[in-house]
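Undergrad: Taken in sequence, the protein lines are chains A and B. So the first sequence is numbered by my numbering: it starts at 1 and just counts up by one. So the second sequence is numbered by my numbering: it starts at 255 and just counts up by one.
For the record, the hints were derived by calculation from the structure and aren't laboratory data. It should be emphasised that the depicted structure is a prediction, and the values quoted were computed from it without experimental measurement. Beta carbons are placed, not taken as given, at the ideal position from N, Cα and C, and that holds for glycine. Hints are supplied without guarantee of correctness; some may be wrong.
[As the list claims (entries may be wrong)] Okay, the calculated bits of chain A under chain B, using three or more residues with CB under 8 Å as the criterion:
1. 45-53
2. 84-95
[Unchecked claim] Taking beta-carbon pairs under 10 Å as the criterion, some of the chain B residues facing chain A (in silico):
3. 284
4. 342
5. 343
6. 348
7. 366
8. 394
9. 413
10. 426
11. 427
12. 491
[Unchecked claim] Which residues of chain B face chain A? A partial, calculated answer using Cβ under 8 Å:
13. 385
14. 387
15. 461
16. 499
There are 2 protein chains.
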Amino acid sequence: MSGTLTVIGLGPGDLEQLTPQASEALRNADSLYGYAPYLERVPQHAGQTRHASDNRQEIQRAQQALAAAAGGARVAVVSGGDPGVFGMAAAVCEAIESGPAAWRELEVIVIPGVSAVLAVAARIGAPLGHDFCVLSLSDNLKPWSVIERRLEAAATAGFVIALYNPVSRTRPWQLQSAFEQLRRLLPARTPVVFGRAVGRPDERVGVATLATADGSHADMSTCVIIGTEQTRSIERAGKSTLIYTPRGAARPST
Amino acid sequence: MSGTLTVIGLGPGDLEQLTPQASEALRNADSLYGYAPYLERVPQHAGQTRHASDNRQEIQRAQQALAAAAGGARVAVVSGGDPGVFGMAAAVCEAIESGPAAWRELEVIVIPGVSAVLAVAARIGAPLGHDFCVLSLSDNLKPWSVIERRLEAAATAGFVIALYNPVSRTRPWQLQSAFEQLRRLLPARTPVVFGRAVGRPDERVGVATLATADGSHADMSTCVIIGTEQTRSIERAGKSTLIYTPRGAARPST
Chain A
1 MSGTLTVIGL GPGDLEQLTP QASEALRNAD SLYGYAPYLE RVPQHAGQTR
51 HASDNRQEIQ RAQQALAAAA GGARVAVVSG GDPGVFGMAA AVCEAIESGP
101 AAWRELEVIV IPGVSAVLAV AARIGAPLGH DFCVLSLSDN LKPWSVIERR
151 LEAAATAGFV IALYNPVSRT RPWQLQSAFE QLRRLLPART PVVFGRAVGR
201 PDERVGVATL ATADGSHADM STCVIIGTEQ TRSIERAGKS TLIYTPRGAA
251 RPST
Chain B
255 MSGTLTVIGL GPGDLEQLTP QASEALRNAD SLYGYAPYLE RVPQHAGQTR
305 HASDNRQEIQ RAQQALAAAA GGARVAVVSG GDPGVFGMAA AVCEAIESGP
355 AAWRELEVIV IPGVSAVLAV AARIGAPLGH DFCVLSLSDN LKPWSVIERR
405 LEAAATAGFV IALYNPVSRT RPWQLQSAFE QLRRLLPART PVVFGRAVGR
455 PDERVGVATL ATADGSHADM STCVIIGTEQ TRSIERAGKS TLIYTPRGAA
505 RPST
């Protein structure tokens, strides 16, 4: 008998942003695997086992989950936001490719979720507006020179830039360095959005310009969105500022 | 009295991928505005009025919805996928900026949804895996030369590329031209995913390589994902092929 492995996107945090498809998959699982803070968000169901693991243990977690599924269980691997965006879906695929042949026979299902970048963008207006890129600022799995090259390519070609993993305890300087690089490529007034833990009780959303953006305003739970020279701010008396990027590229930037 | 305007992401199609937050906002609206095929997906609620409009009528639709909200109504504007990704959120912001002052006093809420690129990626494995960009191939609102520049920047810097609006009746050649350009920049074996109407009854997902990718396999409802030189295929006997991009950039590409 062969089980199934379902990789489930939990969305940005609030259960109101968890899709019915994801809820059902969570209910139907025999066992759940995930980073401890994500597992804590999942409602308890009788008879399920839970296997919490640390951050950065993605491959080991995927291997344990695949082994359990190969033993016949209905296994769920939970991932914050969307599992395909710096989440567990790629780690599961890596583990399958390098694992025993039996793992290739498993049914593998990925259930998408609302990724953090979409939740942050929604809170502030429409900063992604037109073409954009999504980039992890973590140099744990790729050299910093690759990140610098991608930042330059994205900024000079006019993509809005969304940064995941901007800062961690072991990576304190990377975001500030990215801002310094982008200041040489984009106007000083370019809007920068800091969206932390959007959809959760400790949510905090802030807006700066590239000139004033301070890397110390971000932490591991922050997604940072940097506009293009066309990104605009709409000031509103008594209401929050709306940040948006017009859909067309030909619109004047002033 | 001033109403509210809520821009709601419907997700990729299946109601099982509509968030509870979006469902509630749809229930609570006095009137709904949207492109007709999107409105048709929304469950009927007594007492609501519906205002369907054509594709490409985004600004007029946004203006009508804002005028209704300024009249005191609870107005919902629906958008397929996520409203911030080539959806109605930017059009609403554009209309507010150029509209009467009263529109700036409205409460504007954007409710994110599962965007098509996330749904397509989930169906096939984890092609977005690491850094990626999202690009509209429509040259209705920007010159084709800008699109070519962005394709080159993204491909040479190692971003996975997701294309929205790859083809329409009035834009028949653009996707084929993009493939030709990318063949000069990326290996012939680079995986290409065609995901059409994912989550809907007429869903169709196909995989090709950059060498064999045929623009005529896409239509207006297709999202196309083009990998990097690191994107991999896992063949599985009796199961669908998994396409994924490893999380790290340093991994060998063979």
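Undergrad: Next, verify each hint and record whether it holds.
TA: Hint by hint, here is what the structure shows:
1. 45-53: Answer violated; 0 residues pass the 8 Å Cβ test.
2. 84-95: Holds: 9 residues of the stretch 84-95 of chain A have a Cβ under 8 Å from chain B.
3. 284: violated, 21 Å
4. 342: holds, 9 Å
5. 343: For residue 343 (chain B), the interface hint holds, since the closest Cβ of chain A sits about 4 Å away, which is under 10 Å.
6. 348: holds, 6 Å
7. 366: Check passed: Cβ of residue 366 (chain B) comes within 4 Å of chain A, closer than 10 Å.
8. 394: holds, 8 Å
9. 413: holds, 6 Å
10. 426: violated, 21 Å
11. 427: violated, 19 Å
12. 491: holds, 7 Å
13. 385: Because about 5 Å separates residue 385 (chain B) from the closest Cβ in chain A, which is inside the 8 Å limit, the hint holds.
14. 387: holds, 4 Å
15. 461: violated, 14 Å
16. 499: This hint holds: residue 499 (chain B) lies near chain A, its Cβ roughly 7 Å from the closest one there, short of 8 Å.
The earlier numbered hints that this structure contradicts are 1, 3, 10, 11 and 15.
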